[in-house]
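*Asks:* Those protein sequences? They're chains C and P, same order as listed. This note's numbering numbers the first residue of the first sequence as 1 and each following residue consecutively. This note's numbering numbers the first residue of the second sequence as 297 and each following residue consecutively.
A few of these clues could be false.
[Stated by the list, open to error] Derived DSS-like pairs (lysine-lysine); straight-line CA-CA distance at most 30 Å:
id, chain 1, residue 1, chain 2, residue 2
1, P, Lys759, C, Lys234
2, P, Lys738, C, Lys89
3, P, Lys775, C, Lys109
4, P, Lys738, C, Lys247
5, P, Lys785, P, Lys738
6, C, Lys247, C, Lys234
7, C, Lys256, P, Lys759
8, P, Lys764, C, Lys247
9, C, Lys219, C, Lys256
10, C, Lys207, C, Lys256
11, C, Lys256, C, Lys184
12, P, Lys785, C, Lys247
13, C, Lys184, C, Lys109
14, P, Lys759, C, Lys207
15, P, Lys560, P, Lys464
16, P, Lys764, P, Lys785
17, C, Lys231, C, Lys219
18, P, Lys707, C, Lys109
19, C, Lys184, C, Lys207
20, P, Lys615, P, Lys560
21, C, Lys173, C, Lys256
22, C, Lys234, P, Lys738
23, C, Lys256, C, Lys231
24, C, Lys234, C, Lys207
25, P, Lys615, C, Lys207
26, P, Lys775, P, Lys738
27, C, Lys207, C, Lys247
28, P, Lys759, P, Lys738
29, C, Lys109, P, Lys632
30, P, Lys707, P, Lys775
31, C, Lys231, C, Lys207
Rather than coming from a laboratory, the hints here were simulated on the basis of the structure.
Take a look at the letters that make up each chain.
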Amino acid sequence: MSMNNTPHADHEVDSFTGVSTTGHTWDGIKELNNPLPRWWLWTFYICIVWAIGYCFAYPSIPLINGATTGFLGWHSRSAVVQSLTDLQKTRGALMETLASTPLDQIEQKPELLAFARAAGAAAFANNCAPCHGAGGQGSPGYPNLNANRWLWGGTLDDIYQTILHGARSGDPKGHQGSMPDFGKAGILTQPQIEQVANYVRSLSGLKTEAGADLGAGAKIFADNCSPCHGKDAKGNIKIGSANLTTKIWLYGSALKTIEAGVTNGHGGVMPYWGGRLDNTTIKALAVFVHTLGGGQ
Amino acid sequence: MTLPNANGHPVLETGGDDDVIEGPLYAPGKRLFPQAAHGRFRNIKWLILVITLGIYYGLPFLRWNRGPGEPSQAVLVDLAHRRFYFFFIEIWPQELYYVAGLLILAALILFLMNAVAGRVWCGYLCPQTVWTDLFYAVERLVEGDARRQHQRQAEGWTFNNILHTGYKHALWLAIAWWTGGAWVLYFADAPTLVHELATFQAPMVAWSSIAVLTVLTYLLAGFMREQVCIYMCPWPRIQAALTDEDALNVTYRYDRGEPRMSLKTGLAARDHGQSAGDCIDCNQCVAVCPTGVDIRHGSQLGCVQCGLCIDACDTVMDKIHRPQGLIAYDNENNIKRRLTGQPAIYRIVRPRTILYTIVIVLIGSVMLTRLVTRPTDGITIAHDRNPLYVTNADGTVRNAYTVQVVNEQDKARLLNFSVRGLAGAQVQVIGVEGSGPTFPIKVDSDDTRDLRVIVTGPLTTPKHASIKVTFSVTDPLRKTTMSATDNFKTP
Numbered sequence: 001m002s003m004n005n006t007p008h009a010d011h012e013v014d015s016f017t018g019v020s021t022t023g024h025t026w027d028g029i030k031e032l033n034n035p036l037p038r039w040w041l042w043t044f045y046i047c048i049v050w051a052i053g054y055c056f057a058y059p060s061i062p063l064i065n066g067a068t069t070g071f072l073g074w075h076s077r078s079a080v081v082q083s084l085t086d087l088q089k090t091r092g093a094l095m096e097t098l099a100s101t102p103l104d105q106i107e108q109k110p111e112l113l114a115f116a117r118a119a120g121a122a123a124f125a126n127n128c129a130p131c132h133g134a135g136g137q138g139s140p141g142y143p144n145l146n147a148n149r150w151l152w153g154g155t156l157d158d159i160y161q162t163i164l165h166g167a168r169s170g171d172p173k174g175h176q177g178s179m180p181d182f183g184k185a186g187i188l189t190q191p192q193i194e195q196v197a198n199y200v201r202s203l204s205g206l207k208t209e210a211g212a213d214l215g216a217g218a219k220i221f222a223d224n225c226s227p228c229h230g231k232d233a234k235g236n237i238k239i240g241s242a243n244l245t246t247k248i249w250l251y252g253s254a255l256k257t258i259e260a261g262v263t264n265g266h267g268g269v270m271p272y273w274g275g276r277l278d279n280t281t282i283k284a285l286a287v288f289v290h291t292l293g294g295g296q
Numbered sequence: 297m298t299l300p301n302a303n304g305h306p307v308l309e310t311g312g313d314d315d316v317i318e319g320p321l322y323a324p325g326k327r328l329f330p331q332a333a334h335g336r337f338r339n340i341k342w343l344i345l346v347i348t349l350g351i352y353y354g355l356p357f358l359r360w361n362r363g364p365g366e367p368s369q370a371v372l373v374d375l376a377h378r379r380f381y382f383f384f385i386e387i388w389p390q391e392l393y394y395v396a397g398l399l400i401l402a403a404l405i406l407f408l409m410n411a412v413a414g415r416v417w418c419g420y421l422c423p424q425t426v427w428t429d430l431f432y433a434v435e436r437l438v439e440g441d442a443r444r445q446h447q448r449q450a451e452g453w454t455f456n457n458i459l460h461t462g463y464k465h466a467l468w469l470a471i472a473w474w475t476g477g478a479w480v481l482y483f484a485d486a487p488t489l490v491h492e493l494a495t496f497q498a499p500m501v502a503w504s505s506i507a508v509l510t511v512l513t514y515l516l517a518g519f520m521r522e523q524v525c526i527y528m529c530p531w532p533r534i535q536a537a538l539t540d541e542d543a544l545n546v547t548y549r550y551d552r553g554e555p556r557m558s559l560k561t562g563l564a565a566r567d568h569g570q571s572a573g574d575c576i577d578c579n580q581c582v583a584v585c586p587t588g589v590d591i592r593h594g595s596q597l598g599c600v601q602c603g604l605c606i607d608a609c610d611t612v613m614d615k616i617h618r619p620q621g622l623i624a625y626d627n628e629n630n631i632k633r634r635l636t637g638q639p640a641i642y643r644i645v646r647p648r649t650i651l652y653t654i655v656i657v658l659i660g661s662v663m664l665t666r667l668v669t670r671p672t673d674g675i676t677i678a679h680d681r682n683p684l685y686v687t688n689a690d691g692t693v694r695n696a697y698t699v700q701v702v703n704e705q706d707k708a709r710l711l712n713f714s715v716r717g718l719a720g721a722q723v724q725v726i727g728v729e730g731s732g733p734t735f736p737i738k739v740d741s742d743d744t745r746d747l748r749v750i751v752t753g754p755l756t757t758p759k760h761a762s763i764k765v766t767f768s769v770t771d772p773l774r775k776t777t778m779s780a781t782d783n784f785k786t787p
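So here's chain C without its partners, still in its complex pose (with noise of 0.2 Å):
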């Protein structure tokens, strides 16, 4: 490579510009063959020295097993580790003033409320969001969180105690019992369904069908469903049985949405967190939750 503007000897020099040429031409277009700047030079010479020094202090070459370890011993999940623990350093009074306050005070302190509905929030996104919804809006089968009917109860502790051990979860500790499948195991017949499910939609307000018997509907509910719903039909948290007379419907009021929920029963399952987030998470988010405006 040539570094000054020497013409070669063996190349044709543009007259035009006293440069010689690479001899490549295009349509009759010759190339200069102009040297590369200096400093472009420098600068790449010392990108190469400088890849060959990265390649002996960090992990570069693949190997059969893995990657060679550099002598710097940097690894990227113990990277990860560092910057997790120095996050838990700038956060550590407030967390360990939420890890040792009270749930039940925790709301009451401004500056801690803001804090554990921060830590809420983001845990929150990271766990809950995919079911529950960004918001906590819910959806057909998960319920909204925002909205002041709780299946397992509403107040703080409810809360905290659903997030800590689920619901139909496997942790024993979490609440159990479900809707049972009154058509596919032959409790129910299908006239007799649409009859109670008539009745069901007569408690909360909405339309019944033309010429739907609810006197037999009535009846119906009070043999099967009122052990669990109540005699009233407003539901049980002990055992997480829907109050029934609410405008707020888990997977839908439509007469064929609650048919099918008679006929096959429900059991979703809320998994337990207790374990997987720690005690501190899960407190925050009890109060984020709780806070989301439905709260009791």
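Since the structure of chain C is provided, determine the placement of chain P on it from the hints.
*Replies:* This is chain P only, laid out in the frame that chain C set:
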């Protein structure tokens, strides 16, 4: 059109030999040895240098009492807490438009300066000029004046020259270090940071900032100098487009100077009744120029209009007993007027300068009024976007909002928060006892407080509606109210 050249190859016709670009497109930097000048403008420049550098190095140490818990530094950019303090002014991040306004003011003042007296900014006030001037002063102090410096260059690396050059660079680096050091003092409590720097306890970001700024000062003021003005700075290009024939610029009055000739020839010519200019071609104006231009070629991009050639020329004029002011703040118009025997006119007050002044005063007073009367509390509303509304068990509809209450005062305040606009609404503020209609909200001094506010409309609230609701905070002591509106949405 193309013409064959001597070798028979076609070349572009360029309109003459002078236009052919030969050699590289940029000229390698040549070290200048400007001679020291003495006189009026040099003194003004020394004065400005002392004042501006004094402000720069000293200002961080100026104290300003803002009360307990507040920084006591007069000028402080507190990045960690997102505050900018300037004496009695405290700017929050949402008030950054004051800084934008300040930049607009600065640009307009630059235009006004240019309309009155050309590149006064470049010649006297620009940091590049001030620090380069300081570095030149150090260079002359250590290595001697221009003549001695030329000698040293011719001598090569003698022991004495190595010693002096080393001494010069050490002084330069010390100044550069102090310049970078002063910069970081604007971002933290200055006495504390100085102590931390002295005991090597300062944070890494302070050290690296100082290092970068030290290197930049050393390179820009010690080596790049006039190249910054000629090749890097956009202002000469803009200034050339903004100037007009009435603006005063450092001008060689060729009506008086030409035809230039040596002192003796000039005297002889005058004796013979021939015309002779006052310029004796002594080249002093070029010798003192810090950018190495010849002012006698007229206004040019390389000229920063520092006025040093005026000083040099006036000194020479005194010596040869001719009137001062062969080079002076003047303009092309006046030269032409004098050539035709008319008196020179100086139109400082003219539509352009009047307009700039009006706009500057206008923007300045608007900003000042706003700054003085700006509210010290504020309220902003963010409606929950997901979900927009929630249906309650009883069929009522609930909307949730995040309300941010700002207290810019230096003391904690108890403000009354209320929501209006939705008849029969129930309001709940998370973490605050009570059910309204007003909620006492304590906001710490110089702080913001986020409130989660839940508004429940009665069953009678219309469906598919978007109802305007007003959120306000009232200071019961000062009887001031700040309000913001948002919507209550129903399914």
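*Asks:* Evaluate each hint against the coordinates.
*Replies:* Hints and how they fare:
The straight-line distance between the Cα atoms of Lys759/P and Lys234/C is roughly 26 Å, inside the 30 Å bound, and the hint therefore holds. Distance check on the hinted pair: Lys738/P and Lys89/C sit about 29 Å apart at the alpha-carbon level, within 30 Å; holds. For the proposed pair Lys775/P and Lys109/C, the alpha carbon gap of about 27 Å is at most 30 Å, so the pair holds. Simply put, Lys738/P and Lys247/C have alpha-carbon atoms about 37 Å apart, too far for the 30 Å limit, and the pair is violated.
Under the criterion of a C-alpha separation no larger than 30 Å, the hint pairing Lys785/P with Lys738/P is consistent with the structure, at around 29 Å. Straight-line distance between C-alpha atoms of Lys247/C and Lys234/C comes to about 12 Å, which keeps the hinted pair within the 30 Å bound. As the CA atoms of Lys256/C and Lys759/P are separated by approximately 25 Å, the hinted pair is consistent with the 30 Å bound. Pair hint Lys764/P plus Lys247/C holds up; C-alpha atoms about 25 Å apart against a cutoff of 30 Å.
For a cut-off of 30 Å, the pair hint linking Lys219/C to Lys256/C stands: about 20 Å separates their Cα positions. Distance hint between Lys207/C and Lys256/C is fulfilled; the C-alpha atoms sit about 13 Å from each other, no more than 30 Å. Between Lys256/C and Lys184/C the alpha-carbon distance is near 15 Å, which keeps this suggested pair within the 30 Å criterion. A hinted pair counts as satisfied when its Cα atoms are at most 30 Å apart, and Lys785/P with Lys247/C qualifies at roughly 18 Å.
The hinted pair formed by Lys184/C and Lys109/C fails the criterion: a straight-line CA distance of about 52 Å is larger than 30 Å. A C-alpha spacing of about 18 Å is found between Lys759/P and Lys207/C, which places the hinted pair at or below 30 Å, so the restraint holds. For the proposed pair Lys560/P and Lys464/P, the alpha carbon gap of about 41 Å is over 30 Å, so the pair is violated. Taking the CA atoms of Lys764/P and Lys785/P, the gap is near 9 Å; set against the 30 Å cutoff, the hint holds.
A distance of roughly 11 Å separates the Cα atoms of Lys231/C and Lys219/C; the hinted pair therefore holds under the 30 Å criterion. Our distance criterion of 30 Å between C-alpha atoms is met by Lys707/P and Lys109/C, whose separation comes to about 19 Å. For the suggested pair Lys184/C and Lys207/C, the alpha carbons sit about 26 Å apart, so the restraint of at most 30 Å is met. Between Lys615/P and Lys560/P the CA atoms are separated by roughly 14 Å; this keeps the pair inside 30 Å, and the hint holds.
About 34 Å separates the Cα atoms of Lys173/C and Lys256/C, which puts this hinted pair outside 30 Å; it is violated. At roughly 40 Å between alpha-carbon atoms, Lys234/C and Lys738/P are farther apart than 30 Å, so this suggested pair is violated. Our distance criterion of 30 Å between C-alpha atoms is met by Lys256/C and Lys231/C, whose separation comes to about 23 Å. Taken as a hint, the Lys234/C and Lys207/C pair is honoured in the structure, with Cα atoms around 19 Å apart against an allowance of 30 Å.
Annotation: proposed proximity of Lys615/P to Lys207/C is violated, straight-line Cα distance about 112 Å (limit 30 Å). With a CA separation close to 16 Å, the supplied pair Lys775/P and Lys738/P stays within the 30 Å bound. A hinted pair counts as satisfied when its Cα atoms are at most 30 Å apart, and Lys207/C with Lys247/C qualifies at roughly 13 Å. Under the criterion of a C-alpha separation no larger than 30 Å, the hint pairing Lys759/P with Lys738/P is inconsistent with the structure, at around 36 Å.
Proximity of Lys109/C to Lys632/P is assessed by CA-CA distance (about 80 Å); at most 30 Å being required, the pair is judged violated. With a CA separation close to 16 Å, the supplied pair Lys707/P and Lys775/P stays within the 30 Å bound. About 21 Å separates the Cα atoms of Lys231/C and Lys207/C, which keeps this hinted pair within 30 Å; it holds.
The structure is inconsistent with the numbered hints 4, 13, 15, 21, 22, 25, 28, 29, although it conforms to all the rest.
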